[in-house]
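Asks: Now that you have both chains on their own, put them together as the hints suggest.
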Amino acid sequence: MPAPVLEIKDLHVSIDDKPILKGVNLTVKGGEFHAVMGPNGTGKTSLAQTLMGHPRYQVTRGEVLLDGQDVLKMKTDIRAKAGLFLAMQYPSEISGVTTANFLRTAINARRGEGNQISLKEFRDKLDETMRFLDMDPKFANRYVNEGFSGGEKKRNEILQMLMLEPRIAILDEIDSGLDIDAIKVVAKGVQSLRSPDFGVLLITHYQRILSYLKPDVVHIMIDGRVVKSGDFHLAEEMEVKGYEWVRNELLNQVP
Amino acid sequence: MNMSTDVNWLENVRSLTLDRQEEPQWLRNWRLSFLDNLSDYAWPKRQKTPLRERQLDQIPLTEEFRDTSVPLADLHSIESPLHVVFANDRVVEQGVSPEAQERGLVILSLRQAATQYELDLKEWLGQIVSAPLNKAEALNAGLWDHGLFIKVPDGVDIQDPLLVLHYGHFDNEVTSLFPRTLIIAGINSRITVIERYISNDFEGKSLFSNVVEIMAKEGAQVHYGSVQNLSNHTEVFVTRSAVVNKDAHVDWNIGEFGGNVTIARDHTRLAEAGAQSAHTMVFFGSGHQRQDFDTEIIHGAPYSTSRITAKGVMKDKGRSAFHGITNIEHGAVRSDGRQKEQTLMLSDQSRADAVPSLLINDNDVYAAHSASAGPIDQLALFYLMARGLSEEEATRLYVHGFLAPVVDAIPGLILRNSVWESVERKLRA
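If you read the sequences in order, they're chains Y and R.
Throughout the first sequence, residue numbering follows our numbering, covering 1 to 255 in sequence.
Throughout the second sequence, residue numbering follows our numbering, covering 1001 to 1429 in sequence.
Any given hint could turn out to be false.
[Claimed, not checked] If you only want the chain R side, here are some residues facing chain Y, beta carbon under 8 Å, derived:
| # | residue |
| --- | --- |
| 1 | Asp1377 |
| 2 | Tyr1383 |
| 3 | Leu1397 |
FYI, nobody ran anything at the bench for these hints, they're computed from the structure.
Idealized CB from N, CA, C, for every residue including glycine.
Chain R with its partners taken away, still in its complex shape (with noise of 0.2 Å):
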């Protein structure tokens, strides 16, 4: 890249931030904090997706947001007492049951917290992702936009989950979106989470990354689950982190459909003793798609659990990649950590690697891991077809077969529905 180009580009960035005039002064300064240093940050690098070629640098960013509506079907779909509506990083619809509310839940914008929660803010947020950060996790820090916060106060069990619609309408102006989520659960309390990323079908390039962070206070109980069916168009960059402190869940369950490339990171850290970590992921690839997930859980104390359960699935030309790591540190003794990865590739152009890895520093563990990728058994097919199904039926039941045993495992009716959806929606694509 040319370096005036390049100048133009930082200082360009730059000044989004400084019109955020409404701001407090120590957010405006901790945004700059990543700004000023942008050149220090890197695209991530990842060895089966090379980001090179993809001028990341040259999608434009969004600098005017114009209010868009989000379409109505899409809207209906959110069906519970809580839930936040986003269109392009803006809050356009929110309910919180009375209950909720009077129980002491909050749910505001991140930046409405930034006044009245300034503490919890300056405590965790940007803390629990973990360093080094990568220039799509910078460029999230520096820009995002209304954001979300979620606070649990200490001993409260939220039953409803909360569902966050986040629509995305790309156009020539609109080029980037930085959604961002801070969850602070509080001791002994309990909530569910179900995001579901969605945009329009934009065929210029744009840039989407998502910043998630999740703090479990001692003997909290997290469950997050997420859905991304982004355009096709779309370079998709994901992070969520978790720390988990004594005795509290966090159970991830993510589905990742959409996105031209999908790079995410996924890091949860077993801060204290009994800590626990489920993390699953469904992941589903078609046309020129490239997924590459990188998700890790450190145990960073004894008797911490954490499973790692990945299902994906390509066709057409797609690529996939997940790298599980199971970091088990010293001195996390009798703790026991597991993943599991499989993936199916439905056409010959296609391909789905994955590399399960276990670091372990201490020996009073348990630790184990598989992985296996392969073809669709064509056998299994033409049995199928053999009593009257046609190949896209019984390819439909392969696959569905295939993902059952994890999709089937996911608690909660919207979070299974909407990842079967997606299934179906690419089998069809």
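Okay, chain Y solo, but in the shape it has when bound (with noise of 0.2 Å):
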């Protein structure tokens, strides 16, 4: 399969009625890092919840695109299948569901009819990937997200991503509330992915997971559009003079 290509164009999006993304435009393509920053309620989740399908919110205008294929048309689950990932900001609680069991389901719904996945396959491959994010092997048994810490459903997050090797990960604030070592266990799991193949919009509020991660490309969101583009040092610069800097920046161009 030829490198992904995610292509937001013009999009425009509201909740009842309210206007929340005002003509989002960018372009992620397979080996790339992006990372989408601003401050609250600027319309990152929103931008992120829309690019799955969440029922809430209204596509008014614009497009997005997976190789070129119409995503606003699928449904969330055949997102899903085409290869977008989204790690959820507040990910749901699924009682009496396991987490294996749940993985174990959604992997063979992305595989489809008579190529499921073996159960040793699928047994083998979660070990191997909990020892890698260094999560305890009882995680497997317990419920979806039931009774987890913060720091737990973030780590299940990734846990999910590497598992279900998707082409497009949204990440949403998947370092909010999270230590300096919990972090790290997360950068390392998004970076053990990192292949033409693979590519990140990670959306964030600090500036700490990028040092790690080393995006790409930086945007900054304000009032629902992006407003400005630039390399990692655009972060740093951020986190010295704070989105004021931005805001200020924008209200002198107007003519």
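Replies: What follows is the structure, encoded as structure tokens:
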């Protein structure tokens, strides 16, 4: 399969008729790591949820293409099968369903009938991945996210990403609420997938995780738009100067 | 209803029983005691499930049973050295291992037992169901056909589960069925009975009224399981009752899946000190099904313990009401009664009510209840679908997760699998 290309073109999105995204343009290709930064309430999570097809968000204009295919026409599960993955900011708890059962069901859903993963192959891969992420093996038999700490939930999202091997991963505040050791583990997980067939769109408030992941492109999002893009140094600059700096710069541009 | 048809109907019902020439006189008189006063009995009244519009009295009663055979696939699902198969309320196959026979386990039709175990029947038949009876129960008393009688002698521990299959083949002649089971567990005896109710999918109206009575004597342990998968055109009435004596246990594991309307009355009396009962119910309604459950456990003696656990799923336009009643009588000191009900609605048009109540007439007791009803979590569905599960697969996994803590705790693989299979069928329905 050729390297993935995710194109977001002039994307406008509303919740309950209130505009949230006001023309987002962004392209993520295989092999690239993109970071989207910005203050609270500027639409970063809305962008992530819209890309995955959350029913609450209405796209009012623009398009999203994955390898030239219209993503907005696909149901959420079809997007996942096409290779999109969203690590959620607030993962749901699924009572009564073990993490192992969930992952196996998800892998088989992507593989389709007649190509199901064998129990042994699955178990081996799960054990190996959990070891890699320094996770307690008991985790696999706990109900999905039920009673998990914030850090465990984030780690579980990364575990799912490694097991499902997506082509484009959208990581929505995967670093929030994590201590420095946990951030290192999460970064290690993301790095391990790095290849020309894998692209990342990472949404974060903080520069901290970026020092481990070294994004190729950093985008600043304010008021529903990407207002500034640059290389890794833009993130460092933001950390020092704060978002107000970009906001002021924007205001000064107004003719 | 017009009075003359009512009279005709009653006359007809009565003559059905008078035809039972082969039965002992005492039993015919017992049956007639219900039928002669049928107009005194009313159909059950349930606040959330009114029956007035259903014209239950207009459903014709089966006048003549013709032989019918059980579909082979269903017959082969019965795998136990101990089994009984009913087709249209008549025993068509029975297996009792020589070992169980040697140890004195009695498995007979109630009709045979009426002659051979007359004293037991006179003592217990109809005595365990609490008054007042409703019309479905009175009709059952008057019209049960073969019935099932199980007696476990004192001190006998039967390891193999007794599997009972009730197959109903409704057609224009067979429009009503009245299965009846009486279990007498002797002192310190032990038995597991699993009954499964299935039927063909006859489009016409049909009436089904089932009565189960369990007498657990001192120290006896009875595990009773039942899975109901009748046609969605059948009006289903179920009454299950137990009397639990000193230090005895009666554990119920019930799965209710079929029927058009299903009205169940579950009633367990902890009659002597140390008696215990755990009542677990799993139900799943779809289409236009209405399910209404009254489950009551009465603590009539000290140191008695009860648990009521219910998990229900409603989809399409299905509606359910579950009333759990923990009734601790005065003097039942140090009793412990708890209940927990949870229901899940898969559609906007479905509805599930869970109403727990505690009636407590003594101070020195422990009682607790919790109930919750809610729609399926749309965010959770989104989460599952974001991992590549279709909406159908995501719903299935979610429902499995919802039911698993209760279903996986059901003792016995046969019963557990039967409940899971029924759940699967409802999910696909």
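Asks: Does each hint fit the structure? Answer for all of them.
Replies: These are the hints, each one checked on the structure:
1. For R/Asp1377, the shortest C-beta to C-beta distance to chain Y is roughly 7 Å, which falls under 8 Å, so the interface hint holds.
2. About 4 Å separates the beta-carbon of R/Tyr1383 from the nearest beta-carbon of chain Y, less than 8 Å, and the hint is met.
3. Nearest Cβ of chain Y to the Cβ of R/Leu1397: about 6 Å, under the 8 Å cut. The hint holds.
Of the numbered hints given earlier, the model fails none.
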